[in-house]
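A.B. asks: Chain B is fixed; fit chain E onto it per the hints.
Residues per chain, in single letters:
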Amino acid sequence: MLDRRETIVADLADLLPPGCLVSDVRGLVPFETDAFIAYRRVPLAVALPETTAQVAAVLKYCSRYGIPVVPRGAGTSLSGGAIPQEDAVVIGLSKMTRILDIDFPNRTATVEAGVTNISISEAVMPEGFFYAPDPSSQLACTIGGNIGMNSGGAHCLKYGVTTNNLLGVKMVLFDGTIIELGGKALDAAGYDLLGLVCGSEGQLGIVTEATVRLLARPEGARPVLFGFSSSEEAGACVAEVIGSGIIPVAIEFMDKPAIGICEAFAKAGYPMDVEALLIVEVEGSEAEMDATLASIIDIARRHGVTTIRESQSATEAALIWKGRKSAFGATGRIADYICMDGTVPLSKLSEVLRKTGEIAARYGLRVANVFHAGDGNMHPLILYNINDPEDAARAEAAGNDILKLCVDAGGCLTGEHGVGIEKRDLMLHQFTQADLNQQMAARAAFDPQWIMNPSKVFPLEGRPTA
Amino acid sequence: MQTSFAPAQLADPQIATSEQILRKCVHCGFCTATCPTYVTLGNELDSPRGRIYLIKDMLENDRPADEEVVTHIDRCLSCLSCMTTCPSGVNYMHLVDHARVHIEKTYERPLGDRLVRAVLAAVLPYPGRFRLALKAAGLGRPFAGLLKRIGPLKPFGTMLDLAPSKVAPASIADTPGTHRVDGLKRGRVAILSGCAQPVLRPEINEATLRLLARLGVEVVVPENAGCCGALVHHMGREEQALEAARRMVDAWLKVKVDGGLDAVIITASGCGTTIKDYGHMLRLDPDYAEKAAEVSALARDITEYLSGLELPVLEKRALTVAYHSACSMQHGQKITMAPKVLLSNAGFTVRDPGEGHLCCGSAGTYNILQPEISTTLKARKIRNIEATKADIIATGNIGCITQIATGTAMPILHTVELLDWAYGGPKPALLETRD
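Those protein sequences? They're chains B and E, same order as listed.
If you count by numbering that gives the first Met the number 0, then the first sequence holds residues 0 to 465, one letter each, in order.
If you count by numbering that gives the first Met the number 0, then the second sequence holds residues 0 to 434, one letter each, in order.
Derived from the structure by calculation, the hints contain no laboratory data.
Certain hints may be false.
[Unchecked claim] Computed cross-link-like contacts, DSS-like style, restricted to lysine-lysine with a CA-CA straight-line distance of at most 30 Å:
1) E:333 <-> B:266
2) B:321 <-> E:23
3) B:266 <-> E:23
Chain B on its own, in the form it takes in the complex (with noise of 0.2 Å):
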């Protein structure tokens, strides 16, 4: 493939307007990872098609002559699934970022797949409306990356993931093919393979258009902040709060290491006297947000809380999710990290913070917790220098012993960012070798070629042979 190089290249140029091929070099280290930045491979080029009849054209090409593909958003996979391979074309869709149709009464917004998570939220917010899923970085991440990995948010709690907010896509299929699957109703008939799409890791076609679900605002919406004494009293706290019926709108955990984080960039006024945190937010009606939350108050008292904080303005919660929602960049103030994404169940919770926190002091790792509490959806992050290749190596293993965890207490590999690399040598420990077969098996009848993401997902070993 890489002595083909040349005239790939040159290929591309032809079926792409000018300024949209990388091909230096140098241009192509920048897009040699994401932002599971433990690895990286520099790819063979990287497209950047302006239409969807662009991306259909390089797909054709490439699937004649078998050169893998790589799609990629906007590159803020914490799982790497955007990190091409050497052999590999990337197309990126980062400049297909218009919003092609808001439509208030049937409540859908359509964007190109390269319009950012927020963007539409924004578009749609002065008519009273918003895009549920909520993705902390929501800021950057496109759509078309977050129907590629499920892509979950602090808000998701109450309104589901990217698969619950997603009616429609465009899609080019591994050959140039252009599909529509859904549209603009809540229901499509046939099979539901949108909702095998969403999750999908680009293995099954790149979006390139994406129709999704409009919101109405809620009358208001207020964060409130409950300091505990322990990890373990917060995560009971979460688990009899959903256990006795209550859905708010986000239940967030954050421990000490993470406020102090998260604190040093957003200066949200957290509580730095308290071992964890929870940012519960309500919403509704003032009557409804005042019920919801002495019911939630009780739920704490019992759990030991110690410190209980409203917001008083906009400015306030803003400034309380703006922390939150940064934590991950922010940790980059302290140290290098690797973000775990397991999922547990709730009445779990506190056993598998005590035994992460057990695991990082073996490996002699710092670890910082901030995670999406309410639905179980952990996000431990393992604190090292990647700089120093030992140090390295102890937080992959961690990190494996740490998702292995998860999933033996009954939880899952990944909540939302997706297996992409880093989890892909982990699939045996939550699935058996038919599990596998099976879903392999539906990716093959989109991509027999095995040219799109193929590196992703799958361990290597046990793959069928073409």
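C.D. replies: Showing chain E alone in chain B's frame:
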């Protein structure tokens, strides 16, 4: 982020500083979203994260700059929007400054580019030369279209477009001396007369002198001052920039010795960002490191300084102001509320244009060196400003004033001109025709 520098490389203090900056970046990509060039071009290489990576690769491999790297670094506006967004605290400013110096030292630009840059560096920082050049531009204006059709000469055509039709004579605000106050003296400050601003809009510093005099603040226009060095600093001309910085440090500290100094007042936020960074720029100069840090600590934007004087709250007047926050104000100096509070207290109704974090495309000499991107950003900025339906525009940087004025009929003034008017000064000439 992982870095790989040999110990010998890290012995170079510039490299050591940049390595520490790179180590903070976790490649999260948040910065891409608020970068004007990424938003416009949609290529990671034209985003902060892409540029950081290009710079890292170039410095790690101790390689001269090449065309690909230079293209994407040149497209950076140095608006520093990325630094406001970055949760990790990456000092992109110091990194890209280092890269620009490295480019200047190791890369030979094409002849036309070199010529344009040499002319800019030889004219803009010198008010006398700049005034002459603008007068000549009046004669040259008919040739702007022609110049713009000749590739390498295009920037000269753009310069002619940007040149004002009337050139003001030298102003009292540029003449060295002390503007004493009658009655109770509340403070003593030095002012930056600057280079391009007094030629393009002498009214700004004149308004500053009047307002401060009424408020009881003695203002010194120092001897032997001039350009603060920002313009050449952004072009990577390190020696010329440091020379300017040393000259300014000497000029202002002489004012201190002569009679005390509460603050160095700056009325162009682009200059303010650089002056507040003198401490860093001259940190390796044993003779100046301490003095430069002292000047940086004394530097205040005029709105920052006025905020400390507790001006009275005035009655509302029927004039709505769209406040355009210059990048150097909001990102470079993190001054966001002060100008708006001052305007509001002075009786103006203040509106924030949408996408306020995005640059107007002025960015020092950027509108001359990168006219296409600059023009796109200008149009976007003006759309957002005009959507506020305000009567006038206020901002705190001469570059933005010149840039925005060429694209809208709305009058654009410096914040201090409006404040001077509100607190007893003359009505700004630009507003004379309006009620």
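A.B. asks: Look at each hint and say if it fits the structure.
C.D. replies: Now the hints, each set against the structure:
1. With a C-alpha separation of about 14 Å, the suggested pair residue 333 of chain E and residue 266 of chain B falls inside the 30 Å cut-off, and the hint holds.
2. For the proposed pair residue 321 of chain B and residue 23 of chain E, the alpha carbon gap of about 19 Å is at most 30 Å, so the pair holds.
3. Between the alpha carbons of residue 266 of chain B and residue 23 of chain E the distance comes to roughly 19 Å, so the proposed pair stays at or under 30 Å and holds.
Every hint, counting from the list given before, is met by this structure.
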